[in-house]
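Chemist: Listed below, chain by chain, are the residues.
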Amino acid sequence: MKNNKILASGLLFLLSIAFTACDNHDSTGYEYAPNMYHPVGYEPLSQIDSNRINQYGMNMRLPVDGTISRRNYKTRFGSGDSAVADLMVYNINKDSLRIAERVLSNPVPNNEKTLEDGKELYVRYCWHCHGENGEGNGPVAEKYKGVPNYKSDAYKNMNDGHIFHVITHGKGRMWPHGSQVSPEERWKIVHYVHKLQQG
Amino acid sequence: MTKLPICQNNFITQFIVNFRNNFSYKTFFRDIINTNAAPNYRKIPLQYQIPILLLWREKANFFNMNTVKTNLHSKTMRSTAKLIVAFGLLFCTQTMAQDAAAGEALFKNNCSSCHAVTGERVIGPGLKGITARRDLAWIVKWVNNPQAVIASGDKYAVELYNKYNQAQMTAYPGLKEADISNIIAYIDASNAAPAAPAAGAVAAAPSSGGATDSAPSALFSYILVALMVVMLLVLGVLFAILTILSKAVTGNAAATSAANGASFMDTLKANLSKVSQNPTIRTATVWLFILLAGKATLDGAFNIGISQGYAPKQPIAFSHKLHAGQYEINCNYCHTGVNRGKSAHIPSANICMNCHGAIKRESPEIQKIYASIENQQPIEWVRVHNLPDHAYFNHAQHVNVGAIECTQCHGEIEKMEVVQQRSTLTMGWCIDCHRKTEVNTKDNAYYDKLVSAHKLESKEPLKVANIGGLECSKCHY
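Sequences listed follow chains H and A, in order.
Numbering-wise, this note's numbering puts 54 at position 54 of the first sequence, and it's gapless, one number per residue.
Numbering-wise, this note's numbering puts 399 at position 399 of the second sequence, and it's gapless, one number per residue.
In short, the hints are calculated from the structure, not lab data.
In this text, a Cβ means the ideal position worked out from N, Cα and C, and glycines have one as well.
A hint or two may mislead.
[Stated by the list, open to error] Chain H is nowhere near these chain A residues, computed Cβ spacing over 12 Å in every case:
no., residue
1, LEU136
2, ILE223
3, PHE264
4, LEU268
5, ALA284
6, LEU450
7, CYS475
[Said to hold, decoys possible] One side of the interface only, derived from the structure: several residues of chain A facing chain H at Cβ under 7 Å:
no., residue
8, CYS114
9, TYR172
10, THR336
With the sequences and hints as input, model every part of the structure.
Modeler: Pasting the structure below:
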């Protein structure tokens, strides 16, 4: 009887150590039922076991060559007579900035809502380099250097196509941002940048 | 600091600076006669040429004056010279200060993002001594249309273009010759200005900052050491008192100090064994142990499946503190999926390259990204926030419609060197928020009927729980 008590308290002690000792930042700790936690299907961003079929043993795969992004399916902007149809699939070579300047024009109607969206997108994707008012004085620009002022003579008259093309493919020290912002979002940013150019 | 008088031309500026700081005529005229300065002289606008010419005419006298100081004649000459100099300065400072001020504004607006006024290379070359390298006509041509100058086969331009990795300067056709002269005036003036105080201030700032940074930790360790000493002293005193007391109790005044210690230990042992024999105390000790162990066990059991505090080491030592904190890069910039879908996305290497294609290329951590891109080998980041598969969560829903800040669930990411899971991510934690959070129904026609239906039943504002935020099948399906 006495032995049992000692055994029980000893077990309790060990158990308490086992539960508390794992205060380790590198460990997720214990899981109660891993087979309910871990996905059965392929999750792109959770890799429990190595995938036997795909390259690199990853669940994620690159799209097949020639895949067309369907996020460009929205084609009509504005309403009534001012409605514009634009597929927003542009095949302008990244070196053909002058062609973009001549050919492209903003299909998204310029209104308060667009400017509001444009500002939000600008804060997300541009602000840290180009700065609050587009003066090239964002916190990253200090380190990165070479960020222009939208209001300066050489930049204040740049048109829709130019700005869109530069966001998509980059220019000078700016790298392409086409993978981060969709064409529609880019056109909204273009409207907001025009506003900043005027000061 | 007084604003320095600024002139259009390098050697005038130099002259004024010299005049202010122990002016020596000798140096000034050596500069004037200097062949480098001579072509510049021709470019000085007419109104500034008069004082310079006056000075030039008197130069022989100045030289005399410098060598024969006690001569009365030279004294008069000296005052005449001072008058002329003052006259010249009046011209220079009044009109030319404006020029350089205009030049400064132009420079900051158009040039400063790629050029420094010093010799330092930023994106393009540093502009210090630009007038010695190139003449004004060439500079104007270049600034107005660099492409044409390169295309014309100008040797210097082509060399420059190749030296700077064939990155061509933006054309500024709007800048006229006068504007460019103003900018050059500003560049010359900033280089002529004594840089010593500024450099001193810069050098002093980090050292004083360092002192304040290290001060608290040093102070802290001193306090700790002092406390330790005090505690040791108190312990010694207590021990002494104990010895004296035990001596008094046993009444053995003749015993030696060693015997004293032994007697104290003996009594302590005897007392302890007496206490351990006591059944009440034994039971109480056992119960205390069982309760404490039981509590630790329960606490541990409740933490099963909860990874709060999980902060795994990542393959690349990316610091959110630096990127999101110091440089204030928006979360969305890298986590592009957060507004669009279920997952916030781990950024692909091309987003890293948006900056690191150009900066901090030599860092070994950044080199890992290059290696990954070159070898087509994905970077295997360790996932920190993990919901069990049987619970569905969508970022877009919470961030777009719910307008919840990232930090509400993820904590102060902008202060984390290594990302840590701050919230418990338990079902209780989800439900708690769904019960408390009011739905933002303003200007959203989708909610109109729901709000009017809700108003019939309750006076409370519409919460997430009221629109199905507690339904099992909302998250478990």
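Chemist: Give a verdict on every hint.
Modeler: We went through each hint and held it up to the structure:
1. Separation of LEU136/A from chain H is adequate, the least Cβ-Cβ distance of about 19 Å exceeding the 12 Å criterion.
2. Non-interface call for ILE223/A relative to chain H: holds, since the shortest CB-CB distance, roughly 28 Å, exceeds 12 Å.
3. PHE264/A, annotated as away from the interface, keeps every beta carbon of chain H farther than 12 Å; the closest lies near 33 Å.
4. Distance check on LEU268/A: its Cβ is at least 27 Å (rounded) from any Cβ of chain H, clearing the 12 Å threshold; non-interface status holds.
5. Residue-level check passed: ALA284/A sits 14 Å from the nearest beta carbon of chain H, beyond 12 Å.
6. For LEU450/A, the non-interface assignment is confirmed: its Cβ lies about 24 Å from the closest Cβ of chain H, beyond the 12 Å cut-off.
7. Listed as outside the interface, CYS475/A is consistent with that label: its C-beta sits roughly 14 Å from the nearest C-beta of chain H, beyond the 12 Å cut-off.
8. Evaluation of the CYS114/A hint against chain H yields a held restraint, the C-beta minimum of about 5 Å falling below 7 Å.
9. For TYR172/A, the interface hint holds, since its Cβ comes within 7 Å of a Cβ in chain H; the closest pair sits about 5 Å apart.
10. Look at THR336/A: its Cβ gets to within about 5 Å of chain H, closer than 7 Å, so that hint holds up.
The structure is consistent with each of the numbered hints, conforming to all of them.
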